[in-house]
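What follows is the residue order along each chain.
Protein chains: 2
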Amino acid sequence: MTIFYPNGKPYKETDKAAKQCQNQSANYGNRGMTLEEDLNITNRYYLEEDIAVIYKKPTPVQIVNVDYPKRSAAKITEAYFRKASTTDYNGIYRGKYVDFEAKETHHETLLPLKNHAHQVIHMKRIKKHGGIGFVIIKFTHTNEVFLLDADVLIHYWEKQAAGGRKSIPKKVILKEGFLIPQKILPRIDYLRVVNDVYL
Amino acid sequence: MTIFYPNGKPYKETDKAAKQCQNQSANYGNRGMTLEEDLNITNRYYLEEDIAVIYKKPTPVQIVNVDYPKRSAAKITEAYFRKASTTDYNGIYRGKYVDFEAKETHHETLLPLKNHAHQVIHMKRIKKHGGIGFVIIKFTHTNEVFLLDADVLIHYWEKQAAGGRKSIPKKVILKEGFLIPQKILPRIDYLRVVNDVYL
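Residue numbers (my numbering), protein chains in the order written: chain P, 5 to 203; chain Y, 5 to 203.
Derived from the structure by calculation, the hints contain no laboratory data.
Mixed in with the good hints there might be a few duds.
The list makes no distinction among identical chains, and a pair is therefore deemed to hold if it is satisfied within one copy or across any two copies.
Below are the SDA-like pairs computed for lysine to any residue, each with C-alpha atoms no more than 20 Å apart in a straight line [said to hold, decoys possible]:
#1 61 x 72
#2 107 x 52
#3 131 x 75
#4 87 x 107
#5 132 x 203
Please read all numbers here as calculations on a predicted model, not as lab measurements.
Please model the complete structure; the sequences and the hints are all you need to start from.
Below, the structure written as C-alpha cells:
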C-alpha cells in the first residue's frame, strides 16, 4: 500500500523527494507548488493506481564531456540545454496515445505565445495521426488550471506567425478550454477532463 | 522535397548531422552504424514522410550545477546519468500508442538479460493499457535485426528473476520474433512488421 503525505505526495523512504515534501507539507494545499511538480505527482498517482502510463520526458541535453572517476559514478562536466522537438509529456490512457504540454503564466488575462514552433508542429502531427493532444495552462494569479485542445493553440499560434496577436486571451481559454478539478489526489485530475472531452 | 544521401540520411544544409553523414557515406551500406543511429534515421524518415511520430527520449540526466556566462549559452558543469524509468522510444502510429526498446548484442547465440527491471515493468504496463510494445534486437555478428513482442521479453525476464537463465536464446528469437527488412530507406523498417503483427 502506498502511504501519502497530507499534501498528496506518496511516501517513499528511499525517495529524496519525500524529504523535500515533508518540508513542503508545512505549506497548506498546493500553494508554492509549480504546475510541473503537481503534474509529476498526478502522473505518479495515475501510474500507481494503474489508471494511465504518462511520463514527462527528460530535459534534452547535449553532452560534451564526461569524466569517469575511479570508484564513482560518471560525471558530466560539460553539457548544454537543447531545444525540445516535442511536447514534454506523453503516454497511454485507455488505449489512446496522449500528448501534452504544460504552461504556467503569471499574466492575468492572457497566455503568451512564444518559441513554441516545435511544439506546435509536433501537436499538429499528433492530431493528424489520431492522438489526443492538448495544453494544460495554469494561471498562477487565480490558481486555475485549464485543459485546452491543441487545435486552439495551433490556431492562435498560426495567426501569430502570420502577424497576429502574440497571445491567447484568457476569455478564449475560458470559453474553449475546460477547468481541471484540483484535489488532494490526483492533484490536477486532467484525465477526468480527457474522459469527458475525448473519450 | 527531401533529398537523401546515398546512405539514406536526409540532406539538410543547416544540419550538422548532414556533414557527419557526408563523411560516413564513404562506408557502404550501414556497416559501422549503430542500431540507435539506424533507428534515428528510420524515425526521421517516418516523421518526414508522415507515416508515424516516434521519437527516442532524451537521456535522463540529473543536473547539479549550471553556469550562466554572460553573452553565451547556459553551461551545465555538473550532472549525472540517471536510470531511465521507461523504454527509450515511444510515439504514435496509425492511431496506436507504440513503445519499444532497442538492444544490440555481440553475442552470437543469445540476448543477455540484465538491468532491465524498469523497462520490463514499463512494458507490462503498456501492454495492459492497450499499447503496442516490443524490443528491436540487433545481432551485430550477422547484422540481423528482429522485432520481438514485449511479452516474450517479459516472460524470460521473469523466469530469470526467479533464478532462471540470464538470457534469451537466439533460437527463441528466431522462432518468436520477426526479421525486420533492412533497406536504404527506411533503414530498419520495423513499422512494416508492426503492420503485419499488430494491426
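Consistency of the hints with the structure:
no. : hint      : in the structure
1   : 61 x 72   : neither (26 Å within a copy, 24 Å between copies)
2   : 107 x 52  : neither (25 Å within a copy, 27 Å between copies)
3   : 131 x 75  : neither (48 Å within a copy, 38 Å between copies)
4   : 87 x 107  : within (16 Å within a copy, 27 Å between copies)
5   : 132 x 203 : both (17 Å within a copy, 18 Å between copies)
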